[in-house]
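S.K.: Listed here are the chains, written in short residue letters.
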Amino acid sequence: MNPRAIARLLRQNLRDLLPIILVIAFFQWVVVGVPMADAGMRMVGLVMVLLGLTFFVSGLESSIFPIGEGLADALARRGSVALLLSFAFLLGFGSTFAEPALAAVADQAAEAAATSGIIGHVPETLSQYSLMLRLASAAAIGVGVTIGVLRIVKGWPAAWFVVAGYALVALLSLAGTDTFVGIAMDAGAAATSATNVPLMTALGVGLATIMRGRSPLVDGFGVVALASIMPMLTILTAALFMGSGPA
Amino acid sequence: MNVALQIASTTLTTVRDIAPIAVVLIVFQIAIVRRPPANFRRVLIGIGHLVIGLTLFRVGLEMSIIPIGKEMAAQLAGTVLNRGDGFFRGVLPLCAFAALLGFTATLIEPSLIAIADRVRDLSGGTLNAWHLRLMVAAGLAGGLLLGTLRVLYGIPLELLALGLILLIAPMALTAPRQFVPLALDSGGVATSVVVVPLIAAFGLAVAETLPGRDPVKDGFGLIVLALLMPALTLLIYAHITERLRRLQQQRNERMEGRSQCSSSSSSRWWKTPGSKTSSRQPETQAPPEPPSSRADVEKD
Chain A
1 MNPRAIARLL RQNLRDLLPI ILVIAFFQWV VVGVPMADAG MRMVGLVMVL LGLTFFVSGL
61 ESSIFPIGEG LADALARRGS VALLLSFAFL LGFGSTFAEP ALAAVADQAA EAAATSGIIG
121 HVPETLSQYS LMLRLASAAA IGVGVTIGVL RIVKGWPAAW FVVAGYALVA LLSLAGTDTF
181 VGIAMDAGAA ATSATNVPLM TALGVGLATI MRGRSPLVDG FGVVALASIM PMLTILTAAL
241 FMGSGPA
Chain B
248 MNVALQIAST TLTTVRDIAP IAVVLIVFQI AIVRRPPANF RRVLIGIGHL VIGLTLFRVG
308 LEMSIIPIGK EMAAQLAGTV LNRGDGFFRG VLPLCAFAAL LGFTATLIEP SLIAIADRVR
368 DLSGGTLNAW HLRLMVAAGL AGGLLLGTLR VLYGIPLELL ALGLILLIAP MALTAPRQFV
428 PLALDSGGVA TSVVVVPLIA AFGLAVAETL PGRDPVKDGF GLIVLALLMP ALTLLIYAHI
488 TERLRRLQQQ RNERMEGRSQ CSSSSSSRWW KTPGSKTSSR QPETQAPPEP PSSRADVEKD
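Top line first, the protein sequences correspond to chains A and B. First residue of the first sequence? That's 1 in the numbering used here, and the numbers climb one at a time after it. First residue of the second sequence? That's 248 in the numbering used here, and the numbers climb one at a time after it.
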């Protein structure tokens with residue numbers, strides 16, 4: 001990548017970063033009214049955010065997008081739907097399991113479960129619970145991506161699936177307990193991350209590009225929405241069967 | 248705080264984050280494609296950028312935006328506590344901060360930047376990447392605002408989520424089809440590496456500061472509202488543009504009828520937007536607006 005392109009990207013990203021800096025500065029100055037503690041380190045942090053953003057976006061555009069779309073293309077040419085679906089599942093599972101944001105929500109959820117007395121407050125039980133939650137979410141995302149890919153292959157409209165999924169989530173959330181509804185919904189939302197979202201999009205767009213009669217813009221999207229609904233459904237269902245415990 | 252140590256440990260987290268998916272991609276690449284991807288060097292450099300970028304980004308966020316957001320949220324929630332529930336002096340600053348933070352944080356969400364660029368390229372330039380990101384950011388701001396109000400007033404999450412789902416479902420089924428999947432995906436794309444930790448820290452700080460709020464119970468549910476709201480704003484946008492397009496089309500048809508009475512229709516120098524070009528074929532720029540129709544609007 002040539003230096004001029006990097007300079008252009010840096011300029012663009014500085015434009016993206018400027019609004020949040022202005023908001024923080026405004027509230028610090030007008031509402032809080034005292035100088036910020038540790039301002040020097042925070043400036044260093046902001047510079048790292050700017051550099052990180054630039055590298056990450058350029059990395060996505062030159063690695064994840066072409067690899068994902070290329071593999072989708074190759075798999076579609078092979079013509080084996082089973083192979084394609086197993087790739088979709090592994091992609092969803094693999095890209096979600098180690099996601100730090102999901103791990104954070106899962107740890108919080110274990111903490112919440114322990115406080116409300118569903119599981120014992122012992123470190124091993126907590127980490128086991130958190131691991132189970134992560135496995136369940138990752139598997140659910142895998143299923144979501146699989147359904148999303150099958151939908152593209154068959155040409156079914158995304159809206160039907162997503163609306164049906166949301167309707168189920170709404171029904172289950174009315175039946176569940178308060179804490180678990182929050183955990184389940186946030187786990188779904190947190191599981192869609194900076195690494196798996198571009199991959200899912202690349203897979204969908206790649207498939208819709210290669211298949212006749214599909215448009216990448218119309219049919220290629222919708223995988224991410226399905227993927228984030230599945231963990232919600234899984235955890236809400238599990239909570240329903242486990243019961244709310246001695247809360 | 249030792250920055251070098253943190254960079255090292257975050258690099259480890261990032262590598263662990265990317266490793267499983269790298270294995271899946273490599274296995275399928277070897278088994279199915281049986282040759283290295285095109286531009287192999289470029290892809291390798293890209294993966295290097297990915298790891299370095301994500302690491303720097305996460306460490307930078309942990310050092311700057313996340314602690315700042317947390318402190319400010321606690322401070323503003325403290326103001327609500329001290330000055331009572333007075334709307335302008337207590338509640339308004341916190342809510343304004345929530346909305347502005349949600350809006351501006353979405354603008355630095357890397358996957359949204361990359362995907363908005365991809366959407367622009369796929370649409371042949373009809374969809375503007377920056378506008379798309381602004382709309383998603385507006386939705387996310389609304390989501391964080393709703394979430395803050397929920398923590399402040401103890402509104403049940405089920406109620407809010409159900410309300411949003413009831414709004415989204417009929418709009419998703421009736422909106423112009425080419426826009427719906429993108430709109431439904433937008434929330435998932437936006438709630439990622441910046442928004443999730445920032446919102447979690449924000450919600451926790453507010454719930455900890457306010458009395459009678461359980462940080463564990465009331466802290467959850469912010470992310471899902473941030474997930475649902477962008478879909479709603481994009482669907483509203485899709486419905487509005489569709490309505491406008493139809494009005495424009497009707498007006499053009501009327502004008503066409505009129506011009507056919509007075510002179511031959513071949514003398515029209517503008518194109519009728521949308522009606523003849525197929526939706527598959529991307530238009531490079533917005534159809535020119537006939538000057539006389541603007542005069543009509545002004546007369547009305």
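Among these hints, one or two may not hold up.
A few chain B residues that face chain A, going by a derived Cβ cut-off under 7 Å, partial list only [as the list claims (entries may be wrong)]: (1) V271; (2) I277; (3) V290; (4) H296; (5) L297; (6) L308; (7) G410; (8) I412.
Derived list of chain B stretches under chain A, where covered just means 3 residues or more per stretch with a C-beta under 8 Å from a C-beta of chain A [claimed, not checked]: (9) 279-288; (10) 299-307; (11) 347-353; (12) 361-372; (13) 388-400; (14) 431-443; (15) 470-481.
I should point out that these hints are in silico values taken from the structure, not numbers from a laboratory. Backbone N, C-alpha and C fix where the C-beta goes; we use that ideal spot for every residue, glycine too.
S.K.: Against this structure, judge whether each hint is valid.
M.R.: Hints, verified against the model:
1. Interface hint status for V271 of chain B: upheld, as the beta-carbon distance to the closest one in chain A is roughly 4 Å, under 7 Å.
2. For I277 of chain B, the interface hint is violated, the least distance from its beta-carbon to any beta-carbon of chain A being 11 Å, above 7 Å.
3. For V290 of chain B, the interface hint holds, since its Cβ comes within 7 Å of a Cβ in chain A; the closest pair sits about 5 Å apart.
4. At its closest, the beta carbon of H296 of chain B sits 3 Å from a beta carbon of chain A; the interface hint therefore holds under the 7 Å criterion.
5. Using the Cβ-Cβ criterion of 7 Å, the hint placing L297 of chain B at the interface with chain A is satisfied: the shortest such distance is roughly 3 Å.
6. The beta carbon of L308 of chain B comes within 6 Å of a beta carbon in chain A, closer than 7 Å, and the hint placing it at the interface holds.
7. Annotation: G410 of chain B was flagged as interfacial toward chain A, and the flag is violated, the nearest CB pair being 10 Å apart, outside 7 Å.
8. At a threshold of 7 Å, the smallest CB-CB gap from I412 of chain B to chain A is about 5 Å, leaving the interface hint in force.
9. Coverage of the region 279-288 of chain B by chain A holds. Counting CB-CB distances below 8 Å, 5 residues qualify, and the rule asks for three or more.
10. Counting residues of the region 299-307 of chain B whose CB falls under 8 Å from any CB of chain A gives 9; the rule of at least 3 is met.
11. Coverage of a stretch by a chain is defined here by at least three residues with a beta carbon nearer than 8 Å to that chain's beta carbons; for the region 347-353 of chain B and chain A the count is 5, and the condition holds.
12. Coverage of the region 361-372 of chain B by chain A holds. Counting CB-CB distances below 8 Å, 7 residues qualify, and the rule asks for three or more.
13. By the rule of at least three residues with a Cβ nearer than 8 Å to a Cβ of chain A, the coverage given for the region 388-400 of chain B is violated, with 0 such residues.
14. Under a criterion of three residues with beta carbons nearer than 8 Å to beta carbons of chain A, the stated coverage of the region 431-443 of chain B is upheld, 9 such residues being counted.
15. Three residues within the 8 Å Cβ limit are the bar, and the region 470-481 of chain B against chain A gives 5, so the coverage statement holds.
Checked against the numbered hints given earlier, this structure breaks hints 2, 7, 13; the rest are met.
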